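**Q** Chain residues, written in single-letter form:
There are 2 protein chains.
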Amino acid sequence: MTPIITAFESSPDRGRGLARDMRVRWALEEVDQPYDVRLLSFKEMKEPPHLALQPFGQIPTYEEGDLALFDSGAIVLRLAQRHAGLLPDDADARARAVTWMFAAVSTMEPPIVERETARLVERREAWYAPRMALLETRVGTRLGQLSAHLGDADWLDGGFSAGDLLMVSVLLRLKGSDLLDEYPNLTAYMARGEARPAYQRAFAAQLAVFEATQAG
Amino acid sequence: MTPIITAFESSPDRGRGLARDMRVRWALEEVDQPYDVRLLSFKEMKEPPHLALQPFGQIPTYEEGDLALFDSGAIVLRLAQRHAGLLPDDADARARAVTWMFAAVSTMEPPIVERETARLVERREAWYAPRMALLETRVGTRLGQLSAHLGDADWLDGGFSAGDLLMVSVLLRLKGSDLLDEYPNLTAYMARGEARPAYQRAFAAQLAVFEATQAG
Numbered sequence: 001m002t003p004i005i006t007a008f009e010s011s012p013d014r015g016r017g018l019a020r021d022m023r024v025r026w027a028l029e030e031v032d033q034p035y036d037v038r039l040l041s042f043k044e045m046k047e048p049p050h051l052a053l054q055p056f057g058q059i060p061t062y063e064e065g066d067l068a069l070f071d072s073g074a075i076v077l078r079l080a081q082r083h084a085g086l087l088p089d090d091a092d093a094r095a096r097a098v099t100w101m102f103a104a105v106s107t108m109e110p111p112i113v114e115r116e117t118a119r120l121v122e123r124r125e126a127w128y129a130p131r132m133a134l135l136e137t138r139v140g141t142r143l144g145q146l147s148a149h150l151g152d153a154d155w156l157d158g159g160f161s162a163g164d165l166l167m168v169s170v171l172l173r174l175k176g177s178d179l180l181d182e183y184p185n186l187t188a189y190m191a192r193g194e195a196r197p198a199y200q201r202a203f204a205a206q207l208a209v210f211e212a213t214q215a216g
Numbered sequence: 217m218t219p220i221i222t223a224f225e226s227s228p229d230r231g232r233g234l235a236r237d238m239r240v241r242w243a244l245e246e247v248d249q250p251y252d253v254r255l256l257s258f259k260e261m262k263e264p265p266h267l268a269l270q271p272f273g274q275i276p277t278y279e280e281g282d283l284a285l286f287d288s289g290a291i292v293l294r295l296a297q298r299h300a301g302l303l304p305d306d307a308d309a310r311a312r313a314v315t316w317m318f319a320a321v322s323t324m325e326p327p328i329v330e331r332e333t334a335r336l337v338e339r340r341e342a343w344y345a346p347r348m349a350l351l352e353t354r355v356g357t358r359l360g361q362l363s364a365h366l367g368d369a370d371w372l373d374g375g376f377s378a379g380d381l382l383m384v385s386v387l388l389r390l391k392g393s394d395l396l397d398e399y400p401n402l403t404a405y406m407a408r409g410e411a412r413p414a415y416q417r418a419f420a421a422q423l424a425v426f427e428a429t430q431a432g
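Quick note, the sequences are listed as chains W and X, same order. According to my numbering, the stretch in the first sequence is residues 1 to 216, in order. According to my numbering, the stretch in the second sequence is residues 217 to 432, in order.
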């Protein structure tokens with residue numbers, strides 16, 4: 001049975017691959033599993049049928065027969081546990097990869113999202129400049145720590161894993177920002193992620209959705 | 217081999233059980249596993265021996281023989297996968313419990329932590345009152361969605377799971393805040409978590425650390 005994921009009908013990132021369905025698409029491509037996509041309008045995301053699948057009214061969700069999941073991290077983990085390609089075989093190494101999955105979404109991503117939110121919501125407030133300075137310091141601290149850990153390794157812990165998939169996805173939110181200028185090893189790490197054929201296929205698929213809505 | 221976790225030598229929450237070692241202590245008590253604790257000063261947390269275990273300089277960590285993990289969510293998941301008591305037996309139900317684990321730390325916790333951070337860091341800024349209003353609206357939205365999902369159920373999805381352990385832990389950060397006043401089902405949910413004997417044992421253990429430092 002082909003699983004179904006949900007994604008934005010009209011992605012606010014305009015096809016730059018930053019919506020969280022991209023993480024699930026990338027994981028599905030890494031493990032070579034076909035999938036279908038159901039597109040949702042912003043209105044539909046807040047209505048009961050979708051809230052029954054995703055109580056916070058977000059995308060993506062994942063439906064496979066009777067199983068319905070949400071949260072991109074949990075969906076990627078499910079795929080990684082069921083199919084080869086996203087977690088090492090060794091049990092200890094698997095646990096370390098899962099550590100990086102959680103670190104990506106609960107340690108690295110929140111200050112990055114907070115900065116994005118401030119850029120959207122607080123841009124016209126009198127406090128914007130000093131607030132942004134605080135937020136950029138906070139993001140910079142995390143980037144420095146991650147850069148120190150990565151060093152000159154290709155991936156966070158041995159070979160490419162679901163931990164890298166989520167960490168690269170989180171860092172890509174900063175693409176084009178000068179916050180990354182000090183950390184060439186992180187920009188190289190992101191580029192290694194983006195260069196993976198599975199990433200490329202997933203990126204093309206989400207971009208095609210955006211382009212179709214523009215054409216329509 | 218008894219695992220070793222790390223915790224604050226002097227917890228900033230003064231023994232209220234809000235530091236993230238509490239989540240791991242609670243999980244260890246739920247699965248009835250003994251553990252040792254290594255206490256760290258703030259200075260030690262930022263030094264190379266600890267950074268080798270936890271690149272972001274935080275607690276808790278988890279060491280078990282040659283395996284070293286960090287991130288409380290990942291540690292709780294490791295314990296839940298290795299011992300009975302924190303995940304259902306059914307594979308689909310396990311995946312849903314893991315969804316709630318990720319939702320707790322990546323959807324519910326970030327706005328709650330952001331509010332706490334603002335209370336510490338931005339309290340004296342001119343923008344504090346309007347910023348706090350924004351943040352409380354954001355937290356309130358998430359609480360309303362969670363409350364609507366929980367309804368009159370005891371736990372988020374069937375019986376108590378690691379998803380509830382993390383979600384209750386996250387919500388307890390708001391204990392005493394009037395943000396919870398509108399959601400009696402959430403305060404009852406938190407109380408059910410706190411009433412569990414495993415929670416009580418974990419809470420007593422972390423409080424004993426705080427009281428010992430005060431006595432010393």
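Hints were generated in silico from the structure; no laboratory data involved. Bear in mind that the values here come from a model prediction, so they are computed numbers and not experimental data. Treat the hints with care, as some may be off.
[To be verified] In silico DSSO-like links for lysine-lysine, alpha-carbon gap of 30 angstroms or less:
id : chain 1 : residue 1 : chain 2 : residue 2
1  : X       : K262      : W       : K175
2  : W       : K175      : W       : K43
3  : W       : K46       : X       : K391
**Q** Determine for every hint whether it applies to the structure shown.
**A** Going down the list of hints, with the structure as the test:
no.: 1; hint: K262(X) - K175(W); verdict: holds (28 angstroms)
no.: 2; hint: K175(W) - K43(W); verdict: holds (29 angstroms)
no.: 3; hint: K46(W) - K391(X); verdict: holds (28 angstroms)
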